[in-house]
Amino acid sequence: MKRPCAVIGVGQTRYAAKRQDQSFTGLVREAALRALDDAGLQFADIDAVVIGKAPDFFEGIMMPEHHLASALGAANKPMIRVHTAGSVGGSTALYAAHLIAAGVHERVLCVAFEVQSCSNAMWALSPVYPFQPPVVAGAGGFFAPLIQAYINRSKAPQDVGWRVVMKDRRNAAKNPFAHLQGAPTYEQMQSAQMLWDPINYLETCPSSDGACALVLSSEKAAAKAPSPPAFVQAMAQRSEPIFFPGRDAVSPQAGKDCAAALYRQAQIKDPRAELDMAEIYVPFSWFEPMWLENLGFAEVDQGWRMVLDGSTDFGGCLPVNVSGGVLSSNPIGASGMIRFAEAALQVKGQAGAHQVPKARRALGHAYGGGSQFFAMWIVGDTPMAG
Amino acid sequence: MGEPAGLTQPYRLEYVYKRGLGPVLNAFFNGLKRAQLLGVRGGENEIFCPPSEYHPESAESLTEMVELTGAGEIVHAFWIAQPLAHHPSKTPFAFALIRLDQCSSHFLHIVDTGGDESLACAGLRVRPRWADERIGSIRDLESFVPESVDQSCVVMPEGDELLERLNIPVSLEYQVRAGRVQSRFLHQLSERKIIGRRSPASQKVLLPPRGACPQSGELCAAEVEVSDSGTVVAFTVVRIDFPGQQLKPPYACASVLLDGADQPILHLLKGLPGSLRIGMRVVAVWRDEALASMQAIDYFCALDEADAAADTYAEHL
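Read top to bottom, the protein sequences are chains A and B. Residue numbers for the first sequence follow this note's numbering, so the first one is 720 and each next one is one higher. Residue numbers for the second sequence follow this note's numbering, so the first one is 6 and each next one is one higher.
Next up, chain A with everything else stripped away, as it sits in the complex (with noise of 0.2 Å):
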C-alpha cells in the first residue's frame, strides 16, 4: 500500500424486508448520513463517491447512480459505480481505499445498498435464457449443488448448517440494524421446509433492503476523526471464469489466492490465531465452513469442525458473523460492504453488543457470481508498520 487508508465513519440503515417509506436515494442517503456523522464531516468534506449495488434487475432502476448524485453530494466531484455481482460491496469499498492509498483523494465516501423490496430476487437471479435447459432454479439453486457435493466429500453431519444459522441469528439479536431478529430453536431448525436440497428455508439468507457506507481517509484525515480509525492492513480481489475444466467450485482457487495474498500484505501467518474475528459472506448456511476452508482458517474437509466444536461462537476462538452475517441481513450488494463495516467497528471498538472484547484485528469478506468474485480486506487498531 502507497499510504495507509483508515476507516473514519460507518452508516448502515436498518435492514428490513420492506423499507418503503423512503424512496431508494433516500434509503441511501440515510447511510451515508450515518456514516458522515460518525466520522464528523460533511458532504462537502468529502473529495468522491464510490457506489456499488447489485444487478439493476433487483429494482429496475437503470443507472440508480443518475438518481444518486445529488442525494449523495456528488455535484462536481468524482462519482464511479463498482460492479461485480454478490461481491460488489466488498469491491466497492476497496476501490473506494485504493484512492485513499493511492494518493488520488483524502477522504473517500462509499455506499451500497439494494431495494429488494421492489422485485423478487428469485425471478431476478434466474432468467430463462434462450437455447438452456428449463433449469431455472433461483437463487440457491446454484449453491445447493455445491454444498451437496462438500457435504459429499468432507462426511460433515447433517446438523453443521443449522448449527450456523442458530449462531448466526443468536448474533443477530445483539445487533439493532439486523433484519431477522430472533434465533430458531434446534427442532424447528430440523422441521424447516426444505427449499433447495439439502439448503432449507432457515438455512437461507432473508431478501432485505437497506443501504451500508463507509467514509475513508488518509492517515492525515483520520487523525481529526472524533472517534478511533480502523486501518486497512490488506486488501485483495480475485476472479476466476464460472464453468471450466477442473474448476473446484466448493473451494474456488480465486479464494485461496485472495485470501493468500491478503494474508501475505498483513503478514499473517496462522490467520486463524492472528486474527481476532471474522465477517464472512454465508448466504447459506454451510458457506461457512466451506469459507472457513478456503480462507485457511481449516484444514480441506475439517472446516464444520469448527462450528461445531464452538470456535465460531461469539465466545470462540475465532469468532465469525457476530452482527448476524448475511443469514441475518441480506441487502444484496450492501452485504459485502456490511462484511467490511462491521470488521471496522470491531476494531473500532465501536460494535456495542456484538463487540468482541479486545478485537484488534479483523477481516471482511465478499464473494459473487457463480462463487467467482472475491474481495476482502483486513483491517486493523493500527497502520502496518513499513
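If you're looking for bench data, these hints aren't it; they were derived computationally from the structure. Take these hints with a grain of salt, some might be off.
Derived DSBU-like pairs: lysine-lysine, alpha-carbon spacing no greater than 35 Å straight-line [as the list claims (entries may be wrong)]:
{"#": "1", "chain 1": "A", "residue 1": "LYS975", "chain 2": "B", "residue 2": "LYS209"}
{"#": "2", "chain 1": "A", "residue 1": "LYS737", "chain 2": "A", "residue 2": "LYS721"}
{"#": "3", "chain 1": "A", "residue 1": "LYS874", "chain 2": "B", "residue 2": "LYS253"}
{"#": "4", "chain 1": "B", "residue 1": "LYS38", "chain 2": "A", "residue 2": "LYS737"}
{"#": "5", "chain 1": "A", "residue 1": "LYS796", "chain 2": "B", "residue 2": "LYS23"}
{"#": "6", "chain 1": "A", "residue 1": "LYS796", "chain 2": "A", "residue 2": "LYS874"}
{"#": "7", "chain 1": "B", "residue 1": "LYS23", "chain 2": "A", "residue 2": "LYS737"}
{"#": "8", "chain 1": "A", "residue 1": "LYS874", "chain 2": "B", "residue 2": "LYS209"}
{"#": "9", "chain 1": "A", "residue 1": "LYS737", "chain 2": "B", "residue 2": "LYS253"}
{"#": "10", "chain 1": "A", "residue 1": "LYS893", "chain 2": "B", "residue 2": "LYS23"}
{"#": "11", "chain 1": "B", "residue 1": "LYS23", "chain 2": "A", "residue 2": "LYS874"}
On the chain B side, residues computed to face chain A include the following (Cβ under 8 Å) [to be verified]:
{"#": "12", "residue": "ARG24"}
{"#": "13", "residue": "LEU30"}
{"#": "14", "residue": "ALA32"}
{"#": "15", "residue": "LEU167"}
{"#": "16", "residue": "ASN172"}
{"#": "17", "residue": "VAL175"}
{"#": "18", "residue": "VAL238"}
{"#": "19", "residue": "TRP291"}
{"#": "20", "residue": "ALA295"}
{"#": "21", "residue": "SER298"}
No residue lacks a Cβ here, since even glycine has one placed at the ideal position from N, Cα and C.
Knowing the structure of chain A, use the given hints to seat chain B on it.
Okay, now just chain B, sitting in the frame of chain A:
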C-alpha cells in the same frame, strides 16, 4: 458439416416493479392523481419540477412543496411525425422541454398541437391536459396542449386513496444471438450429437464448447464427440415456487459429467431424493422433435449401472 447459420431467439424480460417514493415524490405523484403539478422549493428563487429530493448542487434535503398552475412555455421541441408503438401518443406530437411558470428547471413531456408541427416550437405557451382516470403516474398528465385549447378534467378529492408506492411495469425485448461455436453445437444437438471442443493448452474437453479456452484464452478448434451418458457430480431438488419458473416444483437439477467431457453440464434429472445421489450413472432422454437447443435433451434419467468411483469425477467438482 458446413457452417450452419447463426441462431437467434427472442428474449423478453418483464416485471412490474414496486417502488417506495419517500415524501417528495409521494407528494408529486399524489398531486398528479389530483390533476395538479407540484414543484419543490430549492432556494429563494428556485423551484424544481419534477421535484428533486435533494438540491442538485448543495445536496440539501428539499421538503417545501409548491403548487404550480401547470402552465408554461416550450423551450425546445422535437416533432414526431410518425409515432411508434412505444410512443406515448398515437397521433403526431412533439417531445418538449417545458419551462413551467415559476420554475427554474425544465420539464420533459409531450405536446399535442393537434398535428400542427409549426406550432410546436420554442415560445409556445402550453398547459396540461389531464387523463380522466388518474392513478398517480406521469402519464396522468396526458400531454401539454396550447394554452388556447379548451380543456377540463375530473378533479379527485384530496386525500382520496393516497398512493404509497408506484407500480412500474418494465418490459424489455432482446434478440439473443448464439455465437458461431454455440450455434454449431446447438445444430449438432438437433442431430442428437453432443460435441465438445478440446483446449489446446490443457487438452481438456470443454462442454458446452467454447471458441476460446476460458483459462488460457487460446482458440479451441478441435471437436470431440462425447457420450450422452455420464455421472452426476452434484444435484439439488428445487422445491420452491417463484416467478419465471418453467416447471412445477419439485424438480431436480444436476451437474452431469458426460463420458468423454471434462466439464459437467447443468440439466434436469428425473427422480426424487432417496434415489438421487452423487456418483449415479445417467443417460440423456432425447425429445422426439429436433431442437437446436439444450432442450433437445428432455432430461437425464438413471442408468441401470453401478455408481461411478469417486476418483473418476473428483476433479470435476
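Original post:
Against which earlier hints does the structure fall short, listed by number upward?
Top reply: 2, 6, 11, 14, 15, 16, 19 and 20
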